[in-house]
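Undergrad: Here are the chains, one letter per residue:
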Amino acid sequence: MSDVLLEVDDLRTCFTLPHGELRAVDGVSFRLEAGRTLGVVGESGSGKSVLARSIIGLLPAGFARRPAGRILFAGRDLRQVPESEMRRIRGREIAMIFQDPLTSLNPVMTIGRQIVQVLRQHTDLSAAQAKVRAVELLAEVGIPDPAQRVQEYAHRMSGGMRQRVVIAIALACNPRLLIADEPTTALDVTVQAQILDLLRHLQDRHRMAMILITHNLGVVAEMCDEVAVMYAGRMVEQASVANILGAPRMRYTQALLQSVPRLDSESHVRLPVIPGQPPNLIAPPLGCRFAPRCGHRLARCEKEAPSETDVGAGHRFSCWNPVEEAAHGR
Amino acid sequence: MAGSGTAHLQGNALLSAAHLVKTYKAKGGRRVQALSDVSLDIVRGETLGVVGESGSGKSTLARAILALPKPDAGAVQFEEKPVFDAKAAALRALRHRMQMVFQDPLSSLNPAHRIFDIVEMPLLVAGRSSASERRRIVADTLHSVGLDVDVVGNRRPYELSGGQCQRISIARALVLQPSLLVCDEPVSALDVSVQAQVLNLLEDAKAAFSLTMLFISHDLGVVKGISDRVMVMYLGKVCEIAPTDSLYATPRHPYTATLLASVPSLVPRRREERPTMARGETPSPLDVPSGCRFRTRCPAATERCAREEPQIQNVGRPGHFVACHHPLAVPASD
Ligand SMILES: Nc1ncnc2c1ncn2[C@@H]1O[C@H](COP(=O)(O)OP(=O)(O)OP(=O)(O)O)[C@@H](O)[C@H]1O
Ligand SMILES: Nc1ncnc2c1ncn2[C@@H]1O[C@H](COP(=O)(O)OP(=O)(O)OP(=O)(O)O)[C@@H](O)[C@H]1O
Ligand code: SF4
Ligand SMILES: [Mg+2]
Ligand SMILES: [Mg+2]
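Line by line, the protein sequences give chains A and B. Count the first sequence with the numbering used here and you get residues 1 to 330, in order. Count the second sequence with the numbering used here and you get residues 331 to 664, in order.
Wrong hints could be hidden among the right ones.
To be verified - In silico DSSO-like cross-links for lysine-lysine, where the CA-CA straight-line distance does not exceed 30 Å:
no.	chain 1	residue 1	chain 2	residue 2
1	B	Lys400	B	Lys536
2	B	Lys355	A	Lys131
3	B	Lys536	B	Lys411
4	B	Lys400	B	Lys417
5	B	Lys417	A	Lys131
6	B	Lys411	B	Lys400
Unchecked claim - Stretch-level coverage of chain A by chain B, calculated; a stretch enters the list once three of its residues show a Cβ under 8 Å from a Cβ in chain B:
no.	stretch
7	128-134
8	137-145
9	168-179
The set of hints was computed from the structure by calculation and includes no laboratory data. Note that the Cβ used here is the ideal one computed from N, Cα and C, for glycine as well.
The shape of chain A in the complex, shown without the other chains:
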């Protein structure tokens, strides 16, 4: 385990709202080795994007204070790093692809200039070299006619093209860690496959580590080594991709997997949904946060937050009444 690149320990991030503290990320811990991919899946609003932004130190407006906990990147606690140094790390060592591509591109600057700017800031390339590299990067992410397209503005491109521009910018400096928040949702499946190939290739070549936030469990199956499942600010289960998809233990993970629309299912059938609403993160339930919606809850679940069970091989989950291992036929 000497190859750990990122170690996050009991991370907590709150927002101060008029009627209380919203605990968006509430005690999250995990580690990630160089060259590996951690998938983060889970409920909408469970804190995946806030977790990502906490790691690179770019929280949206309205956050209360610096996140609590530890974020060790290559041995240094990013929470202690001064902002000037953090700016250098962002872009060169850690890159992030944000969830909404349009809002992370500058509307009044051509995409070519935006890429050149990043390259000039973080590498030794000359202006002329950076221009050449910008076109290469666009070609790598599969944008047709890149030499022409560098002169384009973001709002004049399709959703999927913008998404690829954002990916190109993130990859510009061969980061050691890439945090990708829904990087392929705006892409058709053939372009998606092409981008996933590219990311895998970069991982093999540069041992890039990756945190991949996605709702697409097919993408998770294709790309991830380990997967973490989030619910209401907590990581409720972590395991190898095979175990999460094939032998989940925590009840939310199980329920989530049952809602996946499949290519081989019928049209117009009612899809199974998890009843009820996610908890209000300002006043989360006392016990297990999933308890109010869980079909397997015990009396204990409502009173006491489940402690983490470690069943070995990196499989950990928090649940008082987990899926029996035998249920997965092993």
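For chain A, the structure is supplied; the task is to place chain B with the ligands on it using the hints.
TA: Same frame as chain A, now just chain B with the ligands:
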């Protein structure tokens, strides 16, 4: 696709769009052919799914139908009235019955407004209901997309997660109970359970007030679940359009087959086992191939494909149309 024609139109439709063309000017006087002669129609209560290549003109098509903005050429009829000829006031009235969910949820919501006001706005503009009635409608609509008005009502869009914003735009579009809903990637930011909830909601709306939908998505599983028919687009043209089951079971256009084969499966594979398919370069929309636009990537392409543009034609099963000179064979067992 890569084909033109109107053979696939059904008639007596709630919405029909004929020969839509939209080009954008690019640098150096060149033109992007975003939409080249696309026609479609949707009957009341039907859901037409639209899938296709990124950049193939799906969003342009959605906006053209609602005249946001009008395309360069073509006509759209909604409830038997021409949309593009409508005067400003009439168009506004029409828009109450034709709503759209945009692709970039966050950037389509006004950041200065509270969530409650955003969802209430269409009701106000349409002059519907009393204040207390509006309150109830907004709360119910938010509830139906899995959000609680007391939790999110006073927040602003940037204080919500990506999927929460996406549900706000769906709520905003549904609050007037429109007869037509045009959805551009409406569920892409949602976890699969919330996604299922929203898809069920749309099915309910369809049953309750014959909601008619144009549903654009890259998720072929989602499109299969919700659509009655599916249209496949490639570089500004229609490749194939067919009843959902027929399209998924027996895709006839080589591009449709490529798409279906690229869907990642749920079975994890070890790194070494993951295939790296050669998928070919997407041609530039600034300089589209002659004949069939898919021919540069098509395994079945012949010299005829470069010469002649395929026309949309019926193949075999009723309602199954394809624009291809060499449509794929239907498996013998079929
Ligand atoms: N700037 C902010 N101010 C207040 N609350 C916020 C802010 N940003 C996010 N939140 C809240 O924090 C919680 C976590 O949000 P986050 O964006 O991390 O969710 P997510 O897991 O990424 O969801 P999604 O899958 O929908 O993108 C949500 O409940 C959201 O409403
Ligand atoms: N405002 C604009 N100005 C110039 N070109 C544009 C504009 N909007 C779209 N385009 C171009 O038109 C083509 C079609 O774009 P459109 O957004 O309709 O594609 P799409 O099918 O929705 O793709 P995606 O799946 O990536 O969202 C693309 O080549 C795009 O770059
Ligand atoms: S066979 Fe010809 S017409 Fe058919 S998709 Fe291929 S290139 Fe197009
Ligand atoms: Mg998010
Ligand atoms: Mg689009």
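Undergrad: Indicate, hint by hint, whether the structure satisfies it.
TA: Structure-based check of all given hints:
| no. | hint | verdict |
| --- | --- | --- |
| 1 | B:Lys400 - B:Lys536 | 27 Å, holds |
| 2 | B:Lys355 - A:Lys131 | 23 Å, holds |
| 3 | B:Lys536 - B:Lys411 | 22 Å, holds |
| 4 | B:Lys400 - B:Lys417 | 13 Å, holds |
| 5 | B:Lys417 - A:Lys131 | 48 Å, violated |
| 6 | B:Lys411 - B:Lys400 | 15 Å, holds |
| 7 | 128-134 | violated (count 0) |
| 8 | 137-145 | holds (count 3) |
| 9 | 168-179 | violated (count 0) |
Figure legend: structure checked against the earlier numbered hints; hints not met, in rising order: 5, 7 and 9.
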